[in-house]
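Could you build all of it, start to finish, from the sequences and the hints given here?
Each protein sequence line maps, in turn, to chains V and C. Quick note: the first sequence, position 72, residue 72 per full-length UniProt numbering, numbers continuous. Quick note: the second sequence, position 103, residue 103 per full-length UniProt numbering, numbers continuous.
Just so you know, the hints here were simulated from the structure itself, not pulled from any lab data. Predicted model only: the values in this text are computed from it and were never measured. Every residue, glycine too, gets a C-beta built ideally from N, C-alpha and C. Hints are not guaranteed to be accurate.
Non-contacting residues of chain V with respect to chain C, defined by C-beta distances greater than 10 angstroms in every case (computed) [claimed, not checked]:
(1) Thr41
(2) Ser44
(3) Val61
(4) Ala75
(5) Pro81
(6) His140
(7) Gly216
(8) Gly233
Footprint (simulated), chain V over chain C, 3 or more residues, beta carbon under 8 angstroms [unchecked claim]:
(9) 47–60
(10) 103–114
(11) 152–159
(12) 273–279
(13) 300–314
(14) 386–393
(15) 444–451
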Amino acid sequence: MSARTEVLARVRRALAPAPGRSAAPVPTVPRDYRRHGDVATGSSEAVELLVDRLVDYRATVVRTSTAGLAAAVAAQLEGVPRVVVPPGLDPAWVAAAREAVGEVLVDGVAPVGDPTGDATGDATGDPMAVPGASVAPLSHAALDATAAVVTACRVAVAETGTIVLDGEGDQGRRVLTLLPDRHVCVVRADQVVGSVPEAVALLATHPERPMTWISGPSATSDIELVRVEGVHGPRDLRVLVVED
Amino acid sequence: MSVHLGMPTVRPLPAADPADPLRWGPTFPDAAHETLQDGQLRANLRRATHTIRDKRLAVTAELSDWEDLRAAGSGVKQQVMATLPDLLEQLEASVTARGGVVHWARDAAEANRIVTDLVRAADAHEVVKVKSMATQEIGLNEHLAAAGIEATETDLAELIVQLAGDMPSHILVPAIHRNRDQIRDIFTGSMGDAPAGLTSEPADLAAAARAHLRARFLRADVAISGANLAVADTGTVAVVESEGNGRMCLTLPRVLITVMGIEKVLPTFTDLEVFMQLLPRSSTGERMNPYTTFWTGVTPGDGPQEFHLVLLDNGRTRALADEIGRTALHCIRCSACLNVCPVYERTGGHAYGSVYPGPIGAILTPQLLGVGAEGGLDPHDPAATLPFASSLCGACYDACPVKIDIPTALVHLRDQAQHPQGRRARPTGWSVGLGLAALSMRSGTVFRWAGRAVPLARRLLPRRVRRLPFPGSLWTSSRDLPVLPRQTFRDWFEQRPEPGAAGGQVADRQGTGGTGGTRADGEEQP
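Here's what the structure looks like:
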C-alpha cells in the first residue's frame, strides 16, 4: 500500500464513528469577528494608525503627496551608490531615483553595459518583465551588492502596520526586496485598509501570487526576548505614505 | 571576575542527537528534579516568560473581537479535523496543479528518507533550514548528517542551539534557556567566524549571525522548511517568521522542500484572516510578525523552481482517533501556553524530554507516541508521565488562541496513560493504593465500612503526622498527614439536629465532625 493510501486510510479510520453511531455533523464556524476595521479604507485615521504602527516597529515613515513623491524618493536614496527597481515601477519614480543615485538597475532588463558583469538570466523567464524588455533577471550576487530597492505595494493594513507585496510589476520578484539592505516602499493612502480580513479579501483575487507580508524591518527576539531590529532581511525599511 | 580564554564554558543541556526527539530523557519527575536545581535556568526563564506574557496581554487586549477570533479559530480547527481526508486530497490537487510535488510519509523514518532522496537528487551536500517543529520532531538534521549532508539552522535561536550541541527548550524561542552571556560564549567557541571582541549585546550577537549565514544563503541550492499552514482550496503554504532567514530560504535556493504535519491544513484562503491575527499576537506578542511568506506551488521566475511538500503523519492519526485527545492537533505552535505555565516556568523545557515541551507538549507528545491508542505505552514510559506535568491551573486554556482545553485533555490522558488498552502494567505503590481507593468508592456499602475504620485509625494516629516510616515516607516527605476526623460525614449527617430546630445553624458552623473538624484539630498542634 502506498504511503498516501495508508495515511488517508488511517485518517478515515480515526474519524469513523463508533459502531452503531452515526457520523457527527461537521461543525459550523462562528465568524462573529470584525470583517472591517474601525477605520475606513484610505481615511486619514487609517493612515494615522498605519504610521503609528510602523514607527513602533522602528521603520522610517515619510508622509508626502503625489507632487512631492519624486523628491521624497530621491531623498530616501541619498548616499546610496546603487539601487534596483522592479520592471513595472512608475517611470516618474525611476527618473527620481536616477537623479539621486549613480546607478539604477531595472530587474528583468539588462542594465546598459552590465556594470556588475554578472547580471545573467537564469533562463526561466520573468513574466513580470515589461513588454519588449530583454528577459534578464539580476543575479543574486548583483542584488546582494545593491544597497537599496524602491517598490510600490499591493495593500497595507493599518491595525497591524503591515505592507503586502504580491509580485506585481511595480513590486517585482521576492528577492528584490530581500537582499538590498534598504527597502524604500511607496504606499498610497487609498491602499491602506483597516484590518487583516479586508486585506485578505483583496489578496484572495490572486491567491496564486507569491506574497510577502512585511511589518517593519527584520527583527529577532531570540535573545532574552529582547527585540533587536536588523537580522537577515532589509535592516532599513522606509515607507513613503502618499496622501492626496 | 573571571578571565575568558576563548574556551566554550557552556555545557550542552542536554546533548543533541537523541535517539528519539520525542523521548530523550528520564521520566518528567526525575528530569524536573534535575532542572529545578539550576538557579540560572530558572532566572532566565522567569524573566523571559514574564516579558512575553505582558506583551501578549497588551496586544490581545487591543482587539475588541479577540474572543470572537479565538472562537473562529477553534471552529475552523474542529472543521479541519472533521473533514481532514477531503482537505488533504484537495491540498494535494491544488499544490500539484501549481507545479509542486506532494509526498506522503507514514512516520519519521519515511519522511527522512524522502527528504534525503530529494536533496541527493538535487546533487546538494548542504542545505539551509528554516526553523521547523516538524523536522525537529523527526530528527531530520541528524539523519541528513548521517547521509553526509550538512544542514544549517538559520533561525538565530536554532543556530544557538545547534552550535551549542543542545536540544531546544521552547517551541518559539528554542534557546530561551540561554542568556546573552552564554550565547556570546557559544558563538565565540563554536561559530568559527565569530568577530573578535564580540560583546553580549543582543544587537551584536544578531549581527554576528547575519554575517555568519549570509554566504550560506547565497550559495545554498536546497532549502528545507516547515509550514505554519497550508490552504487546501488554493495550495498556498505559509511560513511566519521575524528575521528574514525564512525569506532567504524560501526565495534564494533552486529547490524547496517543506515538511508539514497533516493537521496544519486550512480549508480556505479566507481562513488566513483568522490565523494571521491569532498567531502573531499569541506567539511573539506583536501586532504582526515582521515577515510572512506565502507561496503557491512554483512561480516561474520568482523563488524556488522546484517545490516539494511532504505531508507527515508520524502518530497524528493515532491522536485523531481520540475525541478529546485530538484537540492537541488544533495547535498552531504559538507557544503561549508555555509562557503562562507555572510548571514550565520552573522546570524549563528540557524536563519534558521532547521537542514539544510545556502544556501542549504534555498532551501532544504522549499521543504521538501512542498513549491512548491500542497497545499504548507502558505507564512507566517517560512520555506517559507527561500528562502529570501540570497543576491543572488552566492558564494554558485561557491563553490558547484556538481554545484547546488542555486541562481536560491532561486529565483524560492521565487515565489513558495509567490504563493502556491491551496492556497490563507492573503494579506500583500508587497503582495499588489508588486501586484500593477505587474499590472502596465503587459501592456505598463498602465506603461506609471503610469510613468506620477511620475513628479506629485515629486512635493510632491521634495527631498530625509529619514523618512516617517507608513507604509512608514517600507521602510525608513532601506533605503532612492531617489528623483524621472524629466521625465520618455520614455519621455526622445522620446525627445532625433536624433542620429548623434551634441551634441547627450553630451546630453546622461549629462542625463537630467531618471535614470542618480537621482544620480545628490540626491547629491543636504544639
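Interface-negative label, Val61 (chain V) against chain C, beta-carbon threshold 10 angstroms: holds (16 angstroms)
Does the claim that Pro81 (chain V) lies outside the interface with chain C hold up, using a Cβ gap greater than 10 angstroms? Holds, because the least Cβ-Cβ distance between Pro81 (chain V) and chain C comes to about 19 angstroms, which exceeds 10 angstroms.
Taking the minimum C-beta separation from Thr41 (chain V) to chain C, is that value above 10 angstroms? holds (15 angstroms)
Establish whether the coverage given for the region 47–60 of chain C by chain V is satisfied; the threshold is a Cβ-Cβ distance below 8 angstroms, and no fewer than three residues must meet it. holds (count 4)
Chain V covers the region 103–114 of chain C, three or more CB atoms within 8 angstroms, holds or violated: holds (count 5)
Establish whether the coverage given for the region 152–159 of chain C by chain V is satisfied; the threshold is a Cβ-Cβ distance below 8 angstroms, and no fewer than three residues must meet it. holds (count 4)
Far enough from chain C: is every CB of that chain over 10 angstroms from the CB of Gly233 (chain V)? violated (3 angstroms)
Gly216 (chain V) remote from chain C - nearest C-beta pair above 10 angstroms: At about 5 angstroms from chain C, Gly216 (chain V) fails to clear the 10 angstroms cut-off, so the statement is violated.
Mind taking a look at whether chain V covers the region 444–451 of chain C? Criterion is 3 or more residues with CB to CB distance under 8 angstroms. violated (count 0)
With a cut-off of 8 angstroms between beta carbons, are at least three residues of the region 273–279 of chain C near chain V? n = 4 at 8 angstroms, threshold three: holds.
Holds or violated: is the Cβ of Ser44 (chain V) farther than 10 angstroms from all Cβ atoms of chain C? It holds; Ser44 (chain V) is separated from chain C by about 20 angstroms at its closest Cβ, greater than 10 angstroms.
Is the nearest CB of chain C more than 10 angstroms from the CB of His140 (chain V)? Nearest chain C Cβ is 6 angstroms from His140 (chain V), so the label is violated.
Violated hints, in rising order: 6, 7, 8, 14 and 15; the structure is consistent with all others.
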